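Could you put the whole structure together from the sequences, leaning on the hints where they help?
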Amino acid sequence: MIEIDNLRVFYGAGSDRFEAVRGVTLSIRRGETYGLVGESGSGKSSVLNAIAGRHTDWTGHIRINASSVGPARRSRAEKAMLQIVFQDPYGAIHPKHTVGASIAEPLEIHRRPDREKAVERLLERVGLPPQFRYRFPHQISGGQRQRVSIARALALEAPILLLDEPTSALDVSVQSEVLNLLQDLKEERDLTYLMVSHDMAVVAHMCDRIGVMQGGDLIEEASREQLISGNLEQPYSQELREAALGLA
Amino acid sequence: MTGLIDTGGQSLHDWLIDEDIKSRRQALAQRWYFGLRHLLSSPIAVLGLVIVVALVLAAAFAPLLATHNPYRQDLGRALLAPSSAHWMGTDELGRDVWSRLVYGSRTTLYITMLVTVLVAPVGFLIGALAGFIGGWLDTVLMRLTDIFLAFPSLVLALAFSAALGPGIENAVLAIALTIWPPVARLARAETLTVRNSDYVASARLQGASTLRILWRHLVPVCLPSIIVRLTLNMASVILTAAGLGFLGLGAQPPLAEWGAMAAAGRQYLIDAWWLTTFPGLAILLVSMAFNLLGDGLRDMLDPRKG
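Order-wise, the sequence lines are chains A and B.
Count the first sequence with the numbering used here and you get residues 1 to 248, in order.
Count the second sequence with the numbering used here and you get residues 1001 to 1306, in order.
Simulated from the structure, these hints should not be mistaken for laboratory data.
Bear in mind that the values here come from a model prediction, so they are computed numbers and not experimental data.
Some hints could be false.
[Claimed, not checked] With a cut-off of at most 20 Å between alpha-carbon atoms, the simulated EDC-like pairs for lysine to aspartate or glutamate come out as follows:
(1) B/Lys-1022 - A/Glu-242
(2) A/Lys-96 - B/Asp-1020
(3) A/Lys-96 - A/Asp-114
(4) A/Lys-96 - B/Asp-1299
(5) B/Lys-1022 - A/Asp-171
(6) B/Lys-1022 - A/Glu-221
Spelled out as structure tokens, the structure:
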């Protein structure tokens, strides 16, 4: 579903030009949840932003659903292929738009019919009561906002969701609810997830495969079983796993 | 009141504070209601609001409030002191000062409204485009803004006014030309803070056009501070208009305009103090009211608050 070949991502210009991702190659199958883990600055978010088309200064090849996308502007159809769920639910929804308006926006942009009903269905699907569509973001909780973000990401029925630390800004008690919702949606709609996280526990719960990033390189790929049993090759990956388990 | 709005059987107040919002109209009404309550909780802002409302009412009902025809001259009754017949006395041509003051509120309101309507969209568009698109466009637009900002606004307005010729429309244009740069700066600053926000990124990923982002995402964020800024600027607009009128470049006789009235009375300052005092007081009062209201609106519309 997503194939990345020798992706290099740059920031800055001239002598300040900095290579944040140094040649990452990976591929994600349809219906798979792939977790990218690593500490801040490891380049995992840069990979996600390059795939999403949010950051354009990159070289290499990215193929989404077997068609190649470049760093330049993407067509509407290409944009409808994937959506992001952002880390910070407070910053991801426009503070002056009602919940309903936020969810309806992608539908308006793509001129989909029956938007009122679609918004209702989406709210129901993410477990929010229908009256919530008239609320403003400051009138609902963080977990509820993240559900709104998810509903908005689902609106275009994109087959791929990019999850940028979707639970790290949430309470522990709310985290698992949101993760379970994502898990259910994935099975129900045959979605493909690319999840970026620094939390090994979340990744182990959600992902079929993981890639460990360090300093802009993808240093190891492992299956969920390997992660759970601790059968990892790189000492850095082990370190991350133990830190998550509280052993370090 | 409840007859006007369908509140679903609730009293209007309950409907306005109910957390279980049932319609888009209710959501909007609640926003306005809470905003208004906040504004009314500050006595200073209420004072400003009352004076501004009084100005609007005076302009609307000028024929009812005026005791005389503001343009009828009667040289036999020139320079009369305030009395029960002429509440604020008469001017050098025997015109009733109170009536001219009331009609002058129309001129003042006309100028302030027109300047606002001209400046708000132009300032927003220039600032938002500079901030959102960036690059050379940003540099060009902001240097242009700097050039306008480099001149004291009254001097600039004087220059434009002199070039365009006297008259109230030209005065409005001249004032608008001096007022837009701070608005553009403000719009640019607000745009820069939200340009990289996740919600704008999300709209772009969904395929939103630049125009849509400007209109749907940036306008709601920039509008409150632009409104506040323009309200606070109203005082200087009124003063500049009065200044231009005073110098003979703004409103032309016989149109009643406070600045021009004060200027005309200057020659009789010793003998007929009421000619300059009352228009002066009106200018002071209205400028102050706009400032107070602006302060209140700033507290109410503060974007850094919920």
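For each hint, the structure was consulted:
For the suggested pair B/Lys-1022 and A/Glu-242, the alpha carbons sit about 49 Å apart, so the restraint of at most 20 Å is broken. Between A/Lys-96 and B/Asp-1020, the direct Cα distance comes to roughly 18 Å. Compliance with the 20 Å bound is thereby established for this hinted pair. Distance hint between A/Lys-96 and A/Asp-114 is unfulfilled; the C-alpha atoms sit about 23 Å from each other, more than 20 Å. Between A/Lys-96 and B/Asp-1299 the CA atoms are separated by roughly 17 Å; this keeps the pair inside 20 Å, and the hint holds.
Note on B/Lys-1022 and A/Asp-171: the hinted pairing is violated, with a Cα-Cα distance of about 28 Å set against a maximum of 20 Å. With a C-alpha separation of about 49 Å, the suggested pairing of B/Lys-1022 with A/Glu-221 is violated against the 20 Å cut-off.
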